[in-house]
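Peer 1: Sequence:
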Amino acid sequence: MGLGSYYTLFTIVRNLHLSYSQLFLYLLFAGLVSSQTTLEVGRFDLRQSVIKPDFKPEIFAHSAKGYIFLDIDSRQIGLWSSDSVKLRGGYGTNKSGLFDPVDLLSNQLDNYILDGTKSEITRFDNELNFVQTFSLQKDEPISPQLFSIDSRQNFYFYSLETNSIYKTRSLSSQFDLFLDLLDAGINNDCISDFEFNYKDQFVLLVDCLSELYLFSRSGKLIRRFGIKIDDPIKIIEIEGSWLILNKYGMAQFFDKDPFNLNIGELIVLDAVVHENKLHLLTESELIIFDFVNSQ
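Counted from 1, the sequence shown has number 37 at position 54 by my numbering; the numbering is strictly sequential.
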């Protein structure tokens, strides 16, 4: 089918006021797409209102107020809302200053920054006002690299120093050893992501082994999955399944074949799911995809 035919088809479908899901089914039955097709439903040039010479975000999350971005190098977080970005943190010794931010998450009405060197979690509200700090220090150095949170608001953080995962007692500085990864047969220093699902099961992405480890909420290993894409960087839950991504825009639902998101030369830095849509952060753009019958 030529470009003119595609244009005519999409014009007809648009005039029928079909949703993205209905459009996908229309194209699927027409034999024009496969069941693994993704639909790009939004694209934003972040150089217009977010990226600045002193703010180049590498990690992001979606909050009730908009997107929250973290620039590790400048040690700043930014709230992107109403086509402008509000910055907080940066170099400094005040309460909102950041020393060694390594990870970010948004949960309910708050945003949290994990500091690897100081071993602490800094809490900000949805307007990026400082709320409090949770210290994660004990006798031995912890130096957390990644963290996540379950449905009961317990933090879990991974330490490369001890090859272990620790669990806080709700939103507090008190924490205990949750899982020694040696006991789970994981003796590698290449865990690149850590995520919980709605059942409070969690997964560890071990990129150097191209494997995904699925655990129960109690820390019992349920299953290991092989990954068919090279250099995976991110694992996220979407519609009850796990989606693995690499920086080149290749994706795979576990136990399924890989597929290409077709983002061209752009490099994926991070990804989140909001309202069952995949949001990709690249070095210059934010791209949103919709999945329909993708599993």
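Treat the hints loosely; a few may be bogus.
Calculated cross-link-like contacts (lysine to aspartate or glutamate; reagent style DMTMM-like; alpha-carbon spacing at most 25 Å) [what the hints assert, rightly or not]:
1) K182 x D213
2) K203 x E258
3) K230 x E23
4) K150 x E178
5) K69 x D28
6) K150 x D133
Beta-carbon label-pair distances, calculated as ranges [claimed, not checked]:
7) Q91 x T116: 10 to 20 Å
8) S67 x S155: 32 to 42 Å
9) K182 x H257: 36 to 46 Å
10) D66 x C173: 37 to 47 Å
11) D83 x D214: 18 to 28 Å
12) D66 x E23: 13 to 23 Å
13) K203 x G49: 30 to 40 Å
14) R152 x V114: 12 to 22 Å
15) L192 x E144: 33 to 43 Å
The hints are simulated quantities; they were obtained by calculation from the structure and are not laboratory data.
Model, not experiment: these values are computed from the prediction.
Glycine included, C-beta positions come from ideal geometry on N, C-alpha and C.
Peer 1: Compare the structure with each hint and give your call.
Peer 2: Taking the hints in turn, this is what the structure says about them:
{"no.": "1", "hint": "K182 x D213", "in the structure": "violated (28 Å)"}
{"no.": "2", "hint": "K203 x E258", "in the structure": "violated (30 Å)"}
{"no.": "3", "hint": "K230 x E23", "in the structure": "holds (17 Å)"}
{"no.": "4", "hint": "K150 x E178", "in the structure": "holds (14 Å)"}
{"no.": "5", "hint": "K69 x D28", "in the structure": "holds (17 Å)"}
{"no.": "6", "hint": "K150 x D133", "in the structure": "holds (10 Å)"}
{"no.": "7", "hint": "Q91 x T116: 10 to 20 Å", "in the structure": "holds (18 Å)"}
{"no.": "8", "hint": "S67 x S155: 32 to 42 Å", "in the structure": "holds (34 Å)"}
{"no.": "9", "hint": "K182 x H257: 36 to 46 Å", "in the structure": "violated (20 Å)"}
{"no.": "10", "hint": "D66 x C173: 37 to 47 Å", "in the structure": "holds (39 Å)"}
{"no.": "11", "hint": "D83 x D214: 18 to 28 Å", "in the structure": "holds (25 Å)"}
{"no.": "12", "hint": "D66 x E23: 13 to 23 Å", "in the structure": "holds (21 Å)"}
{"no.": "13", "hint": "K203 x G49: 30 to 40 Å", "in the structure": "holds (38 Å)"}
{"no.": "14", "hint": "R152 x V114: 12 to 22 Å", "in the structure": "holds (18 Å)"}
{"no.": "15", "hint": "L192 x E144: 33 to 43 Å", "in the structure": "violated (20 Å)"}
Violated hints, in rising order: 1, 2, 9, 15; the structure is consistent with all others.
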